[in-house]
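Those sequence lines, one after another, are chains A and B. Going by numbering that gives the first Met the number 0, the first sequence opens with residue 0, and the numbers climb by one from there. Going by numbering that gives the first Met the number 0, the second sequence opens with residue 0, and the numbers climb by one from there.
Just so you know, these hints were derived from the structure itself, not from any lab. For each residue, glycine too, the CB sits at the ideal point set by N, CA and C. One thing to keep in mind: the hints can contain errors.
[To be verified] If you anchor each label on the Cβ, the simulated ranges turn out as follows:
hint	chain 1	residue 1	chain 2	residue 2	range
1	A	P10	B	R29	48 to 54 Å
2	A	E47	B	H120	21 to 27 Å
3	A	Q137	B	V266	52 to 58 Å
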Amino acid sequence: MTPVKLYPPKPEKVYFFGTCLVDAFYPEAGLDGIRLLEREGIEVLFPEDQTCCGQPAYTSGYQSEARAVAAAQLRLFPDPWPIIVPSGSCGGMMRTHYPQLFAGSDQEAQASEVAGRIYELTEFLLHVCQLKLEDRGQPEKVVMHTSCSARREMGLGETGPMLLARMGQVELVGQARAAECCGFGGTFAVRHPEVSAAMVEDKTQAIEGTGVRHFVTSDCGCLMNINGRFEHQKKSIQGEHIASYLWRRTS
Amino acid sequence: MSVEIYTPRAFHRQAHDALGNPQIRSNFRRAMDGLMTKRRDVFSDWDLETLRDLGANIRLRALAKLPDLLEQLETNCEANGIRVHWAEDGEEACRIVRELCESHGAKAVIKGKSMVSEEMHLNAHLEEAGIEALESDLGEYLVQLNDQTPSHIIMPAIHLNTDEISDIMHEKTGIERTRDVDTMTAAARTQLRERFMNADVGVSGVNFAVAETGTLCLVENEGNGRMTTTVPPVHIAVTGIEKVVEHLRDVPPLYALLTRSATGQHVTTYFNMISSPRKPGEHDGPKEVHLVLVDNGRSNIYQDNELLDTLRCIRCGACMNHCPVYTRVGGHSYGTTYPGPIGSILMPHMLGLEETKDLPTASSLCGACGEVCPVKIPIPDLLVRLRREAVGEGRGNVPGAGVKRTKKEAAAWKSWQWLATHPSAWRTSLLMAGKLRGLTPTRFGPWTQYRTALKPAKQSLHALVKSHRRDRDGEDNS
């Protein structure tokens with residue numbers, strides 16, 4: 000049986016960990032996430048010294064470098080507020096791998112404590128904020144790609160679709176092999192570019208095959224990969240982060 | 000069809016070739032889609048997570064007691080009349096099998112499906128000694144006729160489609176060309192039947208070796224396993240030392256997981272439990288049964304409390320069936336006996352990281368393998384562990400540890416570390432990247448071969464949050 004996670008009541012404040020990809024390439028997605036949280040009456044704390052969760056080095060095997068970078072993030076959340084991450088991949092890194100990364104070190108307890116406060120954005124909006132969404136957009140069909148880390152590592156395959164289901168004018172359309180990886184995988188896309196390309200090619204075809212021109216995802220790694228492929232093919236299909244989609248249609 | 004030697008060193012080239020081969024692509028895609036659907040359907044009325052927990056626990060318990068269980072297995076097998084042999088590596092295992100064959104003057108060996116015998120390269124070894132080894136599993140038979148190696152651990156010929164099989168059967172066995180699967184199967188059956196009768200020795204694998212009873216369990220669908228282990232006068236079973244389970248009652252849950260995970264079957268057509276050679280007064284069965292227990296790197300894996308999980312594997316192949324990389328590049332691209340995710344965490348121990356350094360990275364870490372593994376091997380974590388070993392940041396106990404570390408890459412990660420631990424430098428670099436975004440190269444290594452390059456945003460999230468705060472505080476004050 001899958002363990003049942005107990006969610007806390009809606010807190011007064013939360014920390015927001017934007018992730019490096021959002022910081023550098025998709026800042027609007029991060030800001031829209033913050034806006035959604037603030038609209039729920041939550042004060043969002045954005046620790047200015049945040050950089051990267053350390054995952055790129057971690058999955059490349061560069062453990063000591065990953066640990067050094069992760070250690071710098073551990074210090075940023077001194078108060079016991081939940082930490083919201085707009086990415087299943089970075090969220091999974093912080094929730095699942097931080098305790099492993101610091102196992103046996105002085106920071107083990109701190110890493111486990113921080114890990115226990117990590118929430119992926121859609122998870123938090125759905126389960127903690129019990130988000131109510133007033134859809135002001137035109138009736139529209141949309142496809143969702145949930146990242147593998149959100150789906151498998153964090154067990155959040157349904158939080159994105161459940162939020163979309165609360166949008167009155169939005170119809171979520173299923174795609175073929177929805178649970179299959181888009182082929183990003185961080186440095187995988189660079190180390191095995193041709194395999195990665197074959198995977199993203201199939202993913203773009205699956206999305207295109209729905210006939211829907213717009214897709215959302217809760218991970219900017221997948222977004223960069225899938226959008227990059229569509230653009231390279233000169234296709235007009237475009238994706239965006241689910242936080243931007245929700246904010247845009249409800250603000 | 001040309002004979003090609005695949006090696007793990009050439010993973011990139013082999014994957015490139017496979018990706019460019021529409022036949023390979025569609026053969027694997029279709030087969031893997033079918034296997035995934037079958038597995039999902041067959042488990043639909045089961046509490047799968049409970050069963051997986053049970054399977055994992057049975058395997059963990061067996062591994063925790065492995066040295067004792069192996070001794071118990073040996074004692075009970077010997078008491079049953081099964082002779083037990085120990086082999087430290089593939090070469091020694093081959094020698095044991097060959098010498099047993101030679102002691103019986105054997106010239107013809109018939110084989111049931113055994114991945115450990117593939118791992119040992121048994122057929123080549125026997126052939127060098129003038130002993131013919133013939134595969135009797137239909138898929139293995141086709142692969143052998145075609146001078147290939149298996150591309151999947153359960154379905155060795157999954158890379159071939161009906162037309163290709165038709166060509167092989169016609170060209171190598173002389174039957175009339177046909178696309179009718181039943182006709183081809185019947186032909187292979189007739190060809191093999193005679194070989195069973197004339198074989199001097201039967202060689203098989205083992206799925207579960209039961210310590211408390213000294214029983215060897217063999218799971219199969221074609222009856223060739225039963226023929227191999229009962230018709231020839233001598234039966235030699237070869238298996239890895241990790242295949243032992245403690246109790247007979249441990250077998251049903253593992254069997255239930257194995258067949259469903261592998262092929263989506265509730266049960267296989269045959270399930271053999273071999274507990275002794277022919278007894279006095281019995282009319283059939285082999286006169287001798289031997290069990291060769293092969294280490295081949297396994298006890299090295301066993302000594303590491305994390306890598307140990309690799310040995311839980313019951314060889315169902317579900318990890319490859321669900322792997323998006325395997326599905327696209329096929330089994331031969333890996334160039335190893337065991338392909339796909341399980342191969343990528345197992346083969347480095349057998350061949351060393353120098354040979355296999357590209358395998359642990361040949362995964363997007365999507366987690367599909369770990370999700371379906373019937374004994375819950377944390378395959379993605381083990382892939383990351385081997386990546387660490389490959390760049391010399393692990394425990395150093397995997398052969399070839401550190402071989403993938405380059406000064407250039409290590410320096411790049413050190414620079415990244417410096418930047419990501421100096422927040423003001425981080426913010427400044429994002430500021431600069433935003434200002435200079437017009438200069439972003441449109442070609443960016445392999446990424447832009449298939450995708451457009453992404454430009455850094457004009458303003459980073461750090462900057463956006465700052466102005467957002469200003470706006471909000473401005474509103475608050477007004």
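Now the hints, each set against the structure:
For A/P10 paired with B/R29, a C-beta distance near 50 Å keeps the hint of 48 to 54 Å intact. For the pair A/E47 and B/H120, the supplied restraint of 21 to 27 Å is violated, since their beta-carbon distance comes to about 60 Å. For A/Q137 and B/V266, the Cβ-Cβ distance of about 54 Å falls inside the hinted range of 52 to 58 Å, so the restraint holds.
In this structure, the one hint that does not hold is number 2.
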